[in-house]
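Which chain is which? The protein sequence lines are A and B, in order.
Just add 1374 to wherever you are in the first sequence, counting from 1, and you've got the working numbering.
Just add 94 to wherever you are in the second sequence, counting from 1, and you've got the working numbering.
Hints are computed from structural coordinates only; laboratory data are not their basis.
Since the model is a prediction, treat every value here as computed from it, not as a measurement.
Note that the Cβ used here is the ideal one computed from N, Cα and C, for glycine as well.
One thing to keep in mind: the hints can contain errors.
[Claimed, not checked] Chain B is nowhere near these chain A residues, computed Cβ spacing over 10 Å in every case:
1) Ala-1429
2) Asp-1449
3) Leu-1466
4) Arg-1469
5) Leu-1472
6) Met-1479
7) Ala-1647
[Stated by the list, open to error] Here's a subset of chain B near chain A, in silico, CB distances under 7 Å, partners left out:
8) Ile-112
9) Ile-114
10) Leu-118
11) Val-132
12) Ile-133
13) Ala-149
14) Leu-197
15) Thr-232
16) Trp-246
17) Glu-285
18) Tyr-316
19) Thr-332
20) Asn-336
21) Ser-360
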Amino acid sequence: MTAPLTRVSTEAAPGVKPSRGPRKEPLRRQVTGWLFVAPFALVFLAFLVAPLVYALYLSLFRNALIGGTSFAFLDNYVRAFHDPNFLDGAWLVIRFSLVLIPLQMAISLVIALMLDGIKNWFTRFSRLTIFLPYAVPVVIGALMWGFMYSRRFGPLTQIFDIFGASAPDFLSKNLVFAGLLNIVTWQWAGYYMIILFAALQAIDPTLYEAARIDGAGSVTIALRIKIPLIAPALVLILVFALIGTLQFFNEPSILLKLAAGSITPHFTPNMYAYDLAFGRGSFNYGSAISFTLAAVVFVCVYIFMFTTRKRGNFLS
Amino acid sequence: MSAATTYATRKARRPQHISIQIVLALALVYFLVPFWWVIVASSKDAAGLFGGTSALWFSDRIVWADNFRKLFTYDGGMFGRWLLNSALYAVVGGVGATTLAVLAGYGFAKYRFKGRRFSFSVLLGTVMVPATALVIPTFILFSQFGITNTRWAVILPTLLNPFGVYLMHVYTRDAVPDELLDAARVDGAGEMRTFLQIALPLMRPAVVTVLLLTVVQSWNNYFLPKAMLIDNRLYPVTVGINQWQNIASGNNAGTTSLWSLIILGSLVSVIPLIIAFLSLQRYWQGGLSIGSLK
């Protein structure tokens, strides 16, 4: 009982002040605000700002067996943009995003709309089940599909046998693109679906009643009411998908051995940076690739956010 | 009248519902087949796996018990070690990252301090910096301090979660009224007590969501531990299983028995998170959409 009372006497002054001048926070309150943010700020400086600055610094030097480390300024970046390994990887990731993102968004949107319309045990069960792959570590998910694709013990051959067709080899050079597309879609569609589903659930259902009285069918309601109203959620998952695919690494690097020959160590820019740093020990050039990747993702997403700003997105 | 209309529309829409549910059932098959295959395949020994029996159904010999015993005794019980490592990294990294995110999110949402706007917009910008682009520079930085190939090298970088801070900020801004905090202060509660006893309970759904997301992220982490760790006794289960897979893919003839362990290991490593998601679904189903509802 005594403790709170002594608190009153010491804390009362800053507690009362804001009511007199709401614009100015007392200094003490400002310090408290900073103290709440400080632990995160420390981690932020140590594990985000410092590595990025360090990567930029390293990327400006060249390390040769003869002559040691020398200042190279932008040479590493010039080299990157003439390096077929890097350019091929970048091109693959761009193509992959262009196919994957619309596909994934369409699938998750259609499933979310289907689940939004019907409420029974089956749709509740479906919602959880479709989300389940998200709980599977990417490594394990890629391995599971790698096994499924496998000619030696995978079920794909047997499934196609039923229809009298020969199974496509998703680990071959020609089809590994499709194989990866399938793995990423399987893994993430459920997560995006849940985000869209929650947004759909937040729509006021009286809007649908009104639309139905005006003669709108389910499809019209979905296209004219539901999709426009969940636009912020669609933008959010688009940004997630963009960040995810541009730094593509886990799935192809897991399949590297299973799909021997189809996936190269420089299949994506991130894999190339890893191979440069840990396979060949050229940390300077690897840092340049890493930094370029971070910068490109940042700029792409920022431009995208800026152009969609008016429609209301998660940064506004 | 409205009851009559809804009844009429419901009746008219029934055939459509059936066709939608058939489409859903097909989607379910697609999303479940890999799980089913892993469950079936983990019950087989090498002969069952490669012997040309049906890949999607159990063979006559079900050797789960035997496979389990092998999985946890192979290479001196390495798999159990990996599971414990994963749990350690996920719990320490997840709880740490969530604590930092909750504190910072609350600070950004409820205090007007100098430099708040600037630091928050820097934070928003970095939500988009891909985490994997940081791994190589962080590795080089850590190697200067000699902490690569330790548990800290995996735990420390996972404490960083700008998106978690953003989620906490958005949620706190709307869910915790300023008046309530002011009332607590007038009643004599200190800043810390106001936070712990008034604000924190209101922030619970977002806290659970961020905790779940960060734990999943650390449990699934692959690139960071793969880069940081050389000693395979420190591996999390993701890097460990992939090491087995590389060994098994490398030499086709000698190590066919390793495949059964890899498959069962994959199944075992998935179970903890599935249990977590199923038991906490009340929280995350709403929480995942924070930030997308305006």
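Which hint numbers doesn't this structure obey? 1, 7, 8, 12, 16
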